[in-house]
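**Q** Listed below are the residues making up each chain.
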Amino acid sequence: MLYLFRILRNNLFTITFLVLFFISYLQVLQFNDYQQTYYFNTSKSFLNSWDRLKLNVTSYFSLTHKNESLARENTELRKMLAANYLFKDGKLRLSSDSSPYKRYHYILARVIKSSVYDQNNFITIDKGKSSGVQKGMAVIAPNGIAGVVYDVSEHFAVLISVLNTQFIASPMIPEINYRAGSVQWDGKSANIVKLKGISRFEKLKPGMQVYTSNYSTLFPEGIQIGKIKDFKPSGTDNFLDVNVELSNDFRKMDYVYVVHDFYKAEIDSLKKTEVQDGP
Amino acid sequence: MALDYIKRFLLFIVLVLIQFFIIQELNFGTHLIRPMPYIWAILVLPFQTNRYALLIITFATGMLLDIFSDTRGMNAAACSLLAYSKYLADTRLLELDVLERDGYDYLSPNYKGWLYYFYYTGTLTLIHHLCFFVLNYYRWSALVSILSSAVFSAAVSLMLMMLIRFFTRKY
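Sequence lines, in order, name chains A and B.
Using our numbering, you'd call the opening residue of the first sequence number 2 and step up by one each time.
Using our numbering, you'd call the opening residue of the second sequence number 153 and step up by one each time.
Just to be clear, a hint being listed does not mean it is correct.
As the list claims (entries may be wrong) - Selected chain B positions facing chain A (in silico; Cβ < 10 Å):
no., residue
1, 287
2, 292
3, 294
4, 295
Don't read these hints as lab results, they were simulated from the structure.
Beta carbons: idealized from backbone N, C-alpha and C, even for Gly.
Same shape as in the complex, but just chain A (with noise of 0.2 Å):
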C-alpha cells in the first residue's frame, strides 16, 4: 500500500497530465452523443453579445454581397409573384388566401456565428425558443440550404452546418429525376459536398442541379443543394464518387430562414407507427 502511494507521488505530474487530458477528450467524445447538449447551454449568453458586438463590426465589409445575394432572391420571389401570369379562361381564380393548407412557415434569423474551418462546425443564430425555433427544424440560406437547429435557448439557436460531418440530407436531381443516397460533407473544402449511394449506371453530367428530395421531411421539396462539379467511379463497389458544388456561401452567410413545418409532428408519428408495426 505503502509502495502504491509512493508511485502515486512520484508520478503525480504525469498523473496531473494525465486526468486533464482525460476530461478534454470526454468532451471532445461528448458530441458523438448526438442528442447532447451540455455544452452550447453553459455560457452562450454571455458570448453571444460577444459574437453580436463582431458582428456588428465585421457585417458592413460584406455588405456588397449581402445586398446581391438578396436582390437575387428576391428577383426569384417576383417571378413567383400572381401578377405575372395570365389568366385567359374564368375557369381558374386564384385564391390568395390559402392559410388552411399553408405547410411551412419561415422565421427570419440573422447568423452571428460561423465556422467553416472545423470538421464539425456550427452556426449560431439570433433566434431562439421565444421566436418558435426548435430543436430539429431546418434553415436555409438565401442561395441553397444552411443546416438544421441542434440546440436552442431563450433567444439563441446552434444549427449543425451542412459542413459538419453528422449532416445528412436527402438529395434530388430532377433532370434524371433522381431521388436516392445521401448528401454529406467530407470535411476537405468548404464549398464541396459528396454526394453518397448513387449508382454507377446513373447518367450525370457535371453542371446538373441538385435539389432537397420530397422523400425527406427535414427541408422542403426543391431547396437548391448545389450542382454537380464532377464524378468519378468509387473503385470499391458499383457507387459513384460525386463532388457536388454547394450553392451557398458559408463563409458570406448572413441572413437565413429557419422553416417550420406545420405538418412534421404528423409526418413523425405517422413514420413511428410504421417502425412499429413493420417486420
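Fit chain B to the supplied structure of chain A, relying on the hints for placement.
**A** Structure of chain B alone, referenced to chain A:
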C-alpha cells in the same frame, strides 16, 4: 516581478483574442491550413514555472479558446499535451543550469543556434497541432488529412510565431 506577471498575462489574453478574432477568420484557401500561434504564450513560459501551474495555465487557455470557438476540448487536450511535452523537453533536453546562468528564462536562438531553436519550437508546435487535428478529424480514414493539416498548419504557425517573437522579444 509583478510587472512581469502582468505582461505575461496580457500576452496570453492578447494572443487568445488574436487567435479568436483574426486567425480563425482568415481564409487560407484550404482546410489544411489552420494555424494556432497562440501557443507562443505557452512556449515562452519560464523554465522556473511550477510544473503543476504550467499544466493548469495551459489547460485553462485551451479551455477558454474552446468555449469561444465551439471546438469542445480539442484545444484544451492539445495544450495540456503541449505543456507536458514542454516540461519533458525542458528537463531532459536542455541544460537548464547553463541557460539560467546566462539569464534566459525561455529558449533563445543564442543558446545553440537557430537550427536547434527551430527543432525545439517546431517539434512542440507539431505535437500540439497533431493532437488537435487528431481530435478534430477523429476518424482514421482521414489520416492523410490529419498529417498534412498538422504539418502545413505547424509551418504557418511557426512563421506567425516568429513574427510575434519579433515584436515581443527580450533576447
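**Q** Have a go at the residue 292/B hint: is there a Cβ in chain A nearer than 10 Å to its own Cβ?
**A** violated, 13 Å
**Q** Using 10 Å as the Cβ threshold, decide whether residue 295/B counts as touching chain A.
**A** violated, 13 Å
**Q** Any CB of chain A closer than 10 Å to the CB of residue 294/B?
**A** Given a least distance of 7 Å, the restraint on residue 294/B holds.
**Q** Quick check on residue 287/B please, does its C-beta sit within 10 Å of some C-beta on chain A?
**A** holds, 5 Å
In this structure, the earlier hints numbered 2, 4 are contradicted, and the remaining ones agree with it.
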